[in-house]
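Participant: Sequence:
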Amino acid sequence: MLQRLLPGVLLLVAAAPGCGVLALAPDAPASTFRSDWHELQDRTWIGEKHWANRLQDWRVAEGTLECVEARPAFGMRTLHLLTHRLVDGKEGSFRSRVQVDAVDGSRAGSAAGFLVGAGGEHVDYRLTSQVHGTSAEDGGFLALLDGDGKVFFADFEQPIEAGGGNQWVMQTNRELVDFGRPATGVTFTGDGFGAAGPVPVELELVGASFDGRRTFILTAREARNGGEVLSTASWEDVPVSAFDGAVALVSHRGPEGADRGYRFAEWTLAGELVASAPERAFGPILFVHYTVDVDADVEPETSGRLGLTAQAGPLGVEDARTATLELAEGSGRFREVAEAKFVPDSATFHFVVEGLDPGREHRFRVRYAPVDEDGDEIAKRVSYYEGVIAAEPDSEELTIASLSCQKSFTGGLRWNESGLWFPHTEVRDHVAAHGPHLLYFAGDQIYEGDLTAPARGSNVPLETSIHDYLHKWYRHGWSFGDLTRRLPTVVVTDDHDVFHGNIWGNAGVRMKGPEGTSAQDSGGYVMSPAFVNAVHRTQVAHLPPTRDSIGTLANGITTYHTELTWGGGSFAILNDRMYKSPPAILVPEGKVKNGWFQAEGFDPAKRADVPGAVLLGQGQEDFLAEWASDRSGAWFKACLSQTPLANVATLPAGASGGSVIPSLAVPLPGEYVEGDERAADTDSNGWPQTPRNRAVALLRRASAFHLTGDQHLGSTLRYGVDDFDDAGFVLSSPAVANTWPRRWFPDPSERQAGPPIATDAPDYTGRYFDGFGNRMTVLAVANPRANGVEPERLHGRAPGYGIVRVTRDSEAAGGGRVTFEAWPRHVDPKAEGAAPFEGWPVRFSLGDGGERRASPERR
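Read left to right, the sequence shown gives residues 1392 to 2250 (our numbering).
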């Protein structure tokens, strides 16, 4: 066996026959990680140095780390280390040690240990932190202790699922034998636990890279009784990728009959092949959202109301429960301006500061100071999350970025950018390149079934469901937090945010429908008011106070429709799902299933507009009427809600609903799909028609343009009520990423008479009735296209975002001009020749959306 001693680095000596033992010299210069769980209070959130898969599957308990998920359906739980990683490219070694134990019981089929080499320098570390559950490309390698006390290596990079699984969630009900083992080069010694049964173990993995040769030694020792070696495995010729990437702890199932997996303590990672990246820590303040609302009736220097939500991890009951907001003074020194109490179920701190000067920039920081068991601050653990409260733009133009539908996984699992779209880095960077002043997230910031299945149901504790939501919500903040910490941000919730596929909120009331009507089709919310309110606190609590006189629905769910005045604009913010009637109940003869009419021969355009059907609800309509009539404090108006007031979609003839959409062939550029019919999907706000028309008329009265998301299909329309083009304009942003690529290919013979949109406009543009008989002039649509951009599973579905520019112009109708753009996700707007999707930009005057008519300009 090769023996080598490098100064302060590595000693490789002979041991049992056929097995080497690697040991780090005690004075090794190294980037060292040591777990600090023994210093933490009991809680779910493991700390800023880690990412848990899933959040609810791990906890700190009595100074140790514990996996609390052991069910067979949820295998290979991981706890990733964010602040340290393995790096290849030089000679050296690393060593990782941890103590492992579990409750009594048979451990057959279970395992615990390390995941190493996940991802690498070519993969964003945030994406790599999601690796768990099942193996796929760039998943790394496992070094595990099985239930018999024997150690082994397994390949976590070889795909198990043909085609990468379904388009929503990966399968995690894996057996240990499902993961491939190295075919050669591995030598084993030791009998494991033997007849005496399981004992606490110190598990050690040492890796060495010298002269182009890479070796792993995995050793299990008794944690007590002198450290007797139970089992070893030596792997020669380890793949180079195992030495490049993330390191994580793994718990796979647990003792038979137990409600938890394995426990871990005293984890260390050190060596020359370990790199430190403290800037990758995530928490305790994870991200923020803020708005500044300007009161025109107050002196400008004190007219701003700042609302800021600081999102934290789920802290423990003994953790510090307050945080402070500090603003920088002219001297650069920070002073405290507000204090906030921790809200446990949403894991948030909410700050309000009155009398802010909106005309100047303010540096801020959120200070959080952990405390010891005596309640005293722990100085070394005080943290600051910093950002900037942006000044209102002093130019004559305001730029808004509109984003929606942030799906992370759409099938074809790979643990890299070819199979997982999170953290949407190109979207963040391309949005930033437009220089927006305001961000608008129009809904579906999370999907309940996205990579992992939703934790919901009558047998799932509320806390578990909320933690599952937070696990997915944190990905939103991790993706876009660098923008939201320096730009005011409006957020609205949509169906998936509250764990629905579709939602007809019905003011929170569940109605009784025909036998077989699903809970979702019955109206109301399938999740409890406590869950929905926790979602609202995370996403919309930073908005100005609700304009609803009561503030809650009858069942206690909070309302949030409101007005924001900033940057010269007055923004009406709606929840256009909250009061909407359930069509399955209101139109029983249509035999509605998940929003689609199933009754043979039923014509929604003629028969679905029933008396009593509600869209926005009386409260929101009254608010819009008042807002439309108020001309003070702003020079333009815009309405921000979830979905357009029309149904811009077609389906193949004979299709009974949208379930066919994910499997439809993606057309080539320039191809026109024939045989489609206009859809009548009540998930859109084309239904119910009469209150839809009232809403459009209210926006017309305000001369407001409309920004939405939801439909996954980027589009710009001009609404019509009594006639085509007698109302305003809407931009629905493309999905950031989606599983459900809607399309619009109507029969051109159904286009209504009127001036052409442009001389070369596609046949899908022009004046059309939607499937509910609503008038709409289609100005531009970003249909799915097989454009050759890889990965096709992402880019063929026309993902992207919207950009709106509002420019003050005294010569334009209404005193200003508006430009709508829908941009492809992959296009760098700063690149030479960069352009939005075909059909954009669309330009019009602010007054064009009012009581007068004018023709928009189209590229």
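No wet-lab data here; the hints were simulated from the structure. Errors might be hidden in some of the hints.
Restraint ranges, calculated between C-beta atoms of paired labels, are given here [said to hold, decoys possible]:
1) Ala1574 x Gly2048: 44 to 50 Å
2) Gly1480 x Gln1549: 49 to 55 Å
3) Asp1873 x Val1631: 30 to 36 Å
4) Ala2144 x Glu2065: 19 to 25 Å
5) Ser1849 x Thr1455: 57 to 63 Å
6) Ala1687 x Lys1771: 44 to 50 Å
7) Gly1750 x Pro1463: 22 to 28 Å
8) Asp1820 x Gly1746: 31 to 37 Å
9) Asp2151 x Glu1745: 27 to 33 Å
Straight line, CA to CA, 30 Å or less: simulated BS3-like cross-link-like pairs of lysine-lysine [claimed, not checked]:
10) Lys1903 x Lys1982
11) Lys1903 x Lys1984
12) Lys1771 x Lys1732
13) Lys1440 x Lys1903
14) Lys1997 x Lys1903
15) Lys1997 x Lys1982
16) Lys1997 x Lys1984
17) Lys1440 x Lys1481
18) Lys1771 x Lys1440
Quick caveat: nothing in here was measured; it's all calculated off a predicted structure. For glycine and all other residues, C-beta sits at the position ideal for the given N, C-alpha and C.
Participant: Of the numbered hints stated earlier in the document, which are not met by this structure?
Facilitator: Of the numbered hints given earlier, those the structure breaks are 2, 5, 7, 9 and 13, listed in rising order.
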